[in-house]
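Trainee: Here the protein sequences line up with chains B and X, keeping their order. If you count the first sequence from 1, position 260 lands on 260 in the working numbering, and the numbers rise without skipping. If you count the second sequence from 1, position 72 lands on 72 in the working numbering, and the numbers rise without skipping.
The set of hints was computed from the structure by calculation and includes no laboratory data. Some hints could be false.
Claimed, not checked - Computed cross-link-like contacts, BS3-like style, restricted to lysine-lysine with a CA-CA straight-line distance of at most 30 angstroms:
#1 X:K314 / X:K242
#2 B:K175 / X:K129
#3 X:K131 / B:K175
#4 X:K242 / X:K348
#5 X:K176 / B:K175
#6 X:K348 / X:K314
#7 X:K329 / X:K348
#8 X:K131 / X:K176
What the hints assert, rightly or not - FRET-style restraints, in silico, Cβ to Cβ:
#9 B:R263 / X:T26: 53 to 59 angstroms
#10 B:R267 / X:T26: 51 to 57 angstroms
#11 B:L78 / X:S134: 38 to 44 angstroms
#12 X:G136 / B:I254: 49 to 55 angstroms
As the list claims (entries may be wrong) - Partial chain X-side listing against chain B, Cβ under 10 angstroms, derived:
#13 I78
#14 M81
#15 F88
#16 G100
#17 R102
Predicted, not measured: the structure shown is a model, and the values here were computed from it. Glycine residues also receive a C-beta, built at the ideal position from the N, C-alpha and C atoms.
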Amino acid sequence: MSARASAAPRAAHHPRGLTLAFAFAAGLLLAFIVLPLANLYGAQSEASLARVAAMAEVRSAILLSLGAALATTACAALLGVPLAYLLARTSFPGKPVVEAIVDLPLAVPHTVVGIALLFVFGRTGIVGAPLEQWTGLKFWGTAAGVVIAMLYVSVPYAVNAARVGLEGVDERLEKVARTLGAGRWAVFFRVTLPLGARGILTGLALTFARSVSEFGAVIVLTYYPMTAPVKIYDLFLQSGLGDSSAMSALYLAITLSLFIASRYLFRERREPESMPAR
Amino acid sequence: MTAPGMTVENLSLRVGAFALRDISFTVGADEILVILGHSGAGKTVLLETIAGFNRPDRGRIRIDGEDVTAAPPEARRIGFMFQDYALFPHLTVAQNVAFGRRFAPSGTDAEPVEALLERLGVRHLADRKPKHLSGGEKQRVALARALAASSRLFLFDEPLAALDARSRDQLRRDLKEFLRLASVPAVYVTHDQAEALALADTIAVMRQGSFAQVGTPSAIFNTPADAEIAAFVGVETVVEGKVVALTDGVARIAVNGAFVHAAGAVMPPVGARVLACIRPEDVALAVLPQRDSSVRNQFPARVVATESAGLLFKIALDCGFPLVAYVSKQSYLELDLANRREAVASVKATAVHLIAR
Chain B
1 MSARASAAPR AAHHPRGLTL AFAFAAGLLL AFIVLPLANL YGAQSEASLA RVAAMAEVRS
61 AILLSLGAAL ATTACAALLG VPLAYLLART SFPGKPVVEA IVDLPLAVPH TVVGIALLFV
121 FGRTGIVGAP LEQWTGLKFW GTAAGVVIAM LYVSVPYAVN AARVGLEGVD ERLEKVARTL
181 GAGRWAVFFR VTLPLGARGI LTGLALTFAR SVSEFGAVIV LTYYPMTAPV KIYDLFLQSG
241 LGDSSAMSAL YLAITLSLFI ASRYLFRERR EPESMPAR
Chain X
1 MTAPGMTVEN LSLRVGAFAL RDISFTVGAD EILVILGHSG AGKTVLLETI AGFNRPDRGR
61 IRIDGEDVTA APPEARRIGF MFQDYALFPH LTVAQNVAFG RRFAPSGTDA EPVEALLERL
121 GVRHLADRKP KHLSGGEKQR VALARALAAS SRLFLFDEPL AALDARSRDQ LRRDLKEFLR
181 LASVPAVYVT HDQAEALALA DTIAVMRQGS FAQVGTPSAI FNTPADAEIA AFVGVETVVE
241 GKVVALTDGV ARIAVNGAFV HAAGAVMPPV GARVLACIRP EDVALAVLPQ RDSSVRNQFP
301 ARVVATESAG LLFKIALDCG FPLVAYVSKQ SYLELDLANR REAVASVKAT AVHLIAR
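Here chain B stands alone, though its shape is the one from the complex (with noise of 0.2 angstroms):
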């Protein structure tokens, strides 16, 4: 680490005012980040914190909105990759198009997602009626609703980062793997998906905070169960800041250490490889 620094170029002895103005810009929104979410640990008590932890109902709204959350993330990888890597490996007539479809759910307000899937996915909805009839399924006020809404919102996430993942991996590599016997199945589960792994964890990992964090969506399709933003909403309105703020910071003690672990994860799973040779 020494060696490295004693050996970079002298420029950065002495940072130009560019460098300068830019990291005081950066830092002032990295503050504007950080602040507002490390305050809101400041003002909690720890017995404000453990009173709303005991309370049942602020346990399942938070278990509600991890379960749906990783259900959402098994949903888009399932249905994510295979768009990700049409996207990423052939053309089309029409590509354009769908690329501009998967980024569709961003450009949408999400009261607005929640109320269009009402009207699909709802009690007398073109997929709800028929679904609920023949196989019992509810959309409406129950966790399936909460994954559904969950997933409009996030799949973006998942399609876009597993695509520069898969377009990433050398097209010879896929080659080679066929000259020596795979099929094409095989070539993707033995090399494809592994050398993309990378860009779909990540892919995945960003669906996963997106659906934790989903609000407008989901109150609107099903506002019981109440996920955890829906039950802090419903804190807030029924007792003001005191108990919602101390769920607030609960529950991001839980979501942001579940991201920054992934990203950690994620992170050292590559470390080996850019190890240098001895």
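Add chain X to chain B, keeping to what the hints say.
Mentor: Same frame as chain B, but now just chain X:
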């Protein structure tokens, strides 16, 4: 298994604006065919078609007598060597070599992976990732990987192009040695004439999607079929002239006031317009004409320019027509070519190749 080796018959394929046109060749079990051509000539398209990644519009591909024209790549058992060898970065050396094994038809008497690693001298690297290997080690692992998958044909797509000159020479020697022992037919694609000369049993010069000339290295380099091939394989002097006399199989060709003599098995008739080709290494320089020499062509020449060209010196001469010679550093100093204005260039008549116009 009737005819070991591979055969391509009348292969044609159109890919957008590019086309492979009517390509036919045979490579025997112990043979290396080098396809030599500029980038864009269609070399890679041809290799990928042989490997099964493109479906030809017409023609047949046979390996060991078996028609594989319609077979997918995974059913052909062809070892494909890309530039830098494309080892799987997420697998160890041993896993790379074993990759094709699980797909091989059961009951094959193929050599065990351990034995292959041993044979190619990479057993001590079995647990390494490709990233940590040298160029030579990568080459050996890739060859072992292809052998482990029971490849019956090796295709090489400029595997050494990214290497420095010294390791390229070494790897090329290793490769030739390996192919001689393995007794597997090989098709090797390159744009580098030195590489073609070093490896080939047969060279095919490829141009705009078809074979312009096929022959032994000596035939391609000494008797190119046209001016473009001549220039491509390093014939520095190509001059136009007219056959004015023909005696005892030696043609006398008038070239811009000078006379060039050419001898060969088949000579054009008197009056024919020809291109005379002279390779630079076939030109000898002296201070004075050699009175008692049997060399037919002795040109009094003006030294136009000299230039260091790697191991040799390139001398541009004017003897009524432009002539280029390569001389050793020793000759360069002995003849004092840096300061000399005049010299005598001599070329054997048998070293002058004629192309009919």
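Trainee: Run every hint past the structure and note whether it holds.
Mentor: We went through each hint and held it up to the structure:
1. Pair hint K314 of chain X plus K242 of chain X holds up; C-alpha atoms about 28 angstroms apart against a cutoff of 30 angstroms.
2. Our distance criterion of 30 angstroms between C-alpha atoms is met by K175 of chain B and K129 of chain X, whose separation comes to about 20 angstroms.
3. Distance restraint check for K131 of chain X and K175 of chain B: the Cα-Cα separation of roughly 19 angstroms lies within the 30 angstroms cut-off, and the hinted pair is therefore satisfied.
4. With a C-alpha separation of about 19 angstroms, the suggested pair K242 of chain X and K348 of chain X falls inside the 30 angstroms cut-off, and the hint holds.
5. Between K176 of chain X and K175 of chain B, the direct Cα distance comes to roughly 24 angstroms. Compliance with the 30 angstroms bound is thereby established for this hinted pair.
6. The suggested pairing of K348 of chain X with K314 of chain X holds, with an alpha-carbon distance near 19 angstroms, which does not exceed 30 angstroms.
7. Simply put, K329 of chain X and K348 of chain X have alpha-carbon atoms about 22 angstroms apart, close enough for the 30 angstroms limit, and the pair holds.
8. A C-alpha spacing of about 25 angstroms is found between K131 of chain X and K176 of chain X, which places the hinted pair at or below 30 angstroms, so the restraint holds.
9. Between R263 of chain B and T26 of chain X, the C-beta spacing of about 57 angstroms keeps the proposed range 53 to 59 angstroms intact.
10. About 54 angstroms separates the C-beta atoms of R267 of chain B and T26 of chain X, a value consistent with the hinted range of 51 to 57 angstroms.
11. Between L78 of chain B and S134 of chain X the beta carbon distance is about 42 angstroms. The supplied range of 38 to 44 angstroms therefore holds.
12. Range check, G136 of chain X to I254 of chain B: Cβ separation about 53 angstroms, and the 49 to 55 angstroms hint holds.
13. Using the Cβ-Cβ criterion of 10 angstroms, the hint placing I78 of chain X at the interface with chain B is satisfied: the shortest such distance is roughly 5 angstroms.
14. A distance limit of 10 angstroms between C-beta atoms decides the matter here; for M81 of chain X the minimum to chain B is near 9 angstroms, and the interface restraint holds.
15. Because the beta carbon of F88 of chain X sits about 6 angstroms from the nearest beta carbon in chain B, less than 10 angstroms, this interface hint is met.
16. Hint on G100 of chain X holds. Least Cβ distance to chain B is approximately 4 angstroms, under the 10 angstroms limit.
17. Evaluation of the R102 of chain X hint against chain B yields a held restraint, the C-beta minimum of about 8 angstroms falling below 10 angstroms.
The earlier numbered hints are all upheld by this structure, with none contradicted.
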